[in-house]
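So for the sequence shown, my numbering puts the first residue at 10; every next one is plus one.
Since the hints were made in silico from the structure, they are not lab data.
Note that the coordinates shown come from a computational prediction; the quantities given were computed from them, not determined experimentally.
Check the hints yourself; a few may be wrong.
Unchecked claim - Dumping the calculated SDA-like pairs for lysine to any residue here, alpha-carbon to alpha-carbon at most 25 Å:
no., residue 1, residue 2
1, Lys57, Ser45
2, Lys76, Pro193
3, Lys76, Tyr61
4, Lys76, Gly190
5, Lys76, His175
6, Lys57, Leu38
7, Lys76, Arg146
8, Lys57, Asp40
9, Lys57, Gly41
10, Lys57, Pro93
11, Lys67, Ala51
12, Lys67, Arg87
13, Lys76, Glu95
14, Lys67, Ala92
15, Lys76, Ala32
16, Lys67, Leu38
17, Lys67, Leu90
18, Lys67, Ala22
19, Lys76, Ser166
20, Lys67, Glu31
21, Lys57, Ala110
22, Lys76, Thr56
23, Lys76, Arg97
24, Lys76, Arg26
25, Lys76, Ala183
26, Lys76, Ser45
27, Lys67, Ala89
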Amino acid sequence: METTQRTDQQRSAEQRRRELLEAADRVVLRDGPGASMNAIAAEAGITKPILYRHFGDKGGLYAALAKRHTDALLEALRAALDAPAERRERVEATLDTYLSAIEARPQVYRFLMHPAESGSAGEGGFDVGLHSAPLLRRLGEELAEVIEERVDLGPESAELARVWGHGIVGMMHAAGDWWLGERPVPRAQLVRSLADLLWGRLAAAGNRVDGPGF
């Protein structure tokens, strides 16, 4: 009986946490980097102390939102990498998946990744963009694992895969940030240009014998 009660309470807490994150998402979609704890609490119909009770502080809520969106992005990137297509097509699809994600939800991207302007985090606000490095590192490590398990890069494969993983993520982030702000070229053109930049040794490298192929 006690075990069942604890399980029900845990499920209820997890459901409430999801509801609060969904409320936070709505505020971020509306306000972008200007989102605040006060606005999120109001959107959820609760007081700010209750919000703190679930997430500890604004850093805890930021981390939960970051994980939520990074998990979704990684799932989409993995799907693009696993698609039944030629390697060049999958490289372009992966780049396009990242760019289309930040294009579709620019306010979320700016909240999570873009450095805040001085003084923009008001009462109850977030230090937006100041915590982006761990998100980029996570993306880099995930991509490095994919490269290492699929591409034969020789005797220093593990080290080179990490160099490539973090380098590619850095390129996508920097190019995507510039492109989202200025829109100098169509997304498809940017995808082709970035793929051209990557295509040298990646095109020549063979698949790992014991890997799923790339």
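Run the structure past the numbered hints and jot down the numbers of the failing ones, going up. 2, 10, 12, 13, 14, 17, 19, 21, 23, 27
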